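Residues in the sequence shown are numbered from 1 upward in steps of one, following our numbering.
To be clear, the hints were calculated from the coordinates, so they are not data collected in a lab.
Note that the structure is predicted; figures quoted are calculated from it, not measured.
Beta carbons are placed, not taken as given, at the ideal position from N, Cα and C, and that holds for glycine.
One or more hints might be untrue.
DSS-like, lysine-lysine: derived pairs with alpha carbons at most 30 Å apart [stated by the list, open to error]:
# : residue 1 : residue 2
1 : Lys119    : Lys87
2 : Lys87     : Lys104
3 : Lys71     : Lys104
Okay, the calculated beta carbon distance ranges per label pair [as the list claims (entries may be wrong)]:
#  : residue 1 : residue 2 : range
4  : Gly62     : Glu21     : 37 to 43 Å
5  : Gly74     : Ala6      : 46 to 52 Å
6  : Gly74     : Ser128    : 19 to 25 Å
7  : Asn126    : Asp72     : 17 to 23 Å
8  : Asn126    : Val24     : 34 to 40 Å
9  : Asp14     : Asp51     : 29 to 35 Å
10 : Asp72     : Glu21     : 38 to 44 Å
11 : Asp72     : Ala13     : 37 to 43 Å
12 : Val24     : Gly106    : 33 to 39 Å
13 : Leu94     : Gly74     : 16 to 22 Å
14 : Ala28     : Pro127    : 40 to 46 Å
15 : Phe99     : Lys7      : 41 to 47 Å
16 : Ser128    : Thr22     : 31 to 37 Å
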Amino acid sequence: NEASRAKLTAAGADHAEAPYETGVATMAQRIIRPNVTNFLDLAFAANRHKDIQMEEIPVASGSRLNGLMLKDSGIRQQYNLIIVAIKSHDDQMLFNPSFEAQLKAGDTVIAVGEPGNLKKLEAVLNPSG
Numbered sequence: 001n002e003a004s005r006a007k008l009t010a011a012g013a014d015h016a017e018a019p020y021e022t023g024v025a026t027m028a029q030r031i032i033r034p035n036v037t038n039f040l041d042l043a044f045a046a047n048r049h050k051d052i053q054m055e056e057i058p059v060a061s062g063s064r065l066n067g068l069m070l071k072d073s074g075i076r077q078q079y080n081l082i083i084v085a086i087k088s089h090d091d092q093m094l095f096n097p098s099f100e101a102q103l104k105a106g107d108t109v110i111a112v113g114e115p116g117n118l119k120k121l122e123a124v125l126n127p128s129g
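Please construct the entire structure, taking both the sequences and the accompanying hints into account.
Okay, here's the thing in structure tokens:
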């Protein structure tokens, strides 16, 4: 409820979720969009499914891909990954970025693909991480 959220925020929480509201929303999505929720379950449940995963990977200033456009990055060709979104350093979310979207230090790439390929991309985007 709102009183609990206010208390958590006052205590320093950046974000507070109401479990019952989240549960109801999730159940509604499972009824309305069963295929989408099944896909998301696969992407987020790394322990249950080894073939596909969704990951967020920060772009470090030392990355060789820093400053490149997606079309020049080789992410799709070399790692067989799909870039779902790029969250910029100022918290703007760019969904389904175009091939001309630029990777910049401080951004976070949201990618989907095989876990091994995600690890390889992470090593390139965040070499010191």
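Hint by hint, where does the structure go against what was stated? Just the numbers, ascending. none
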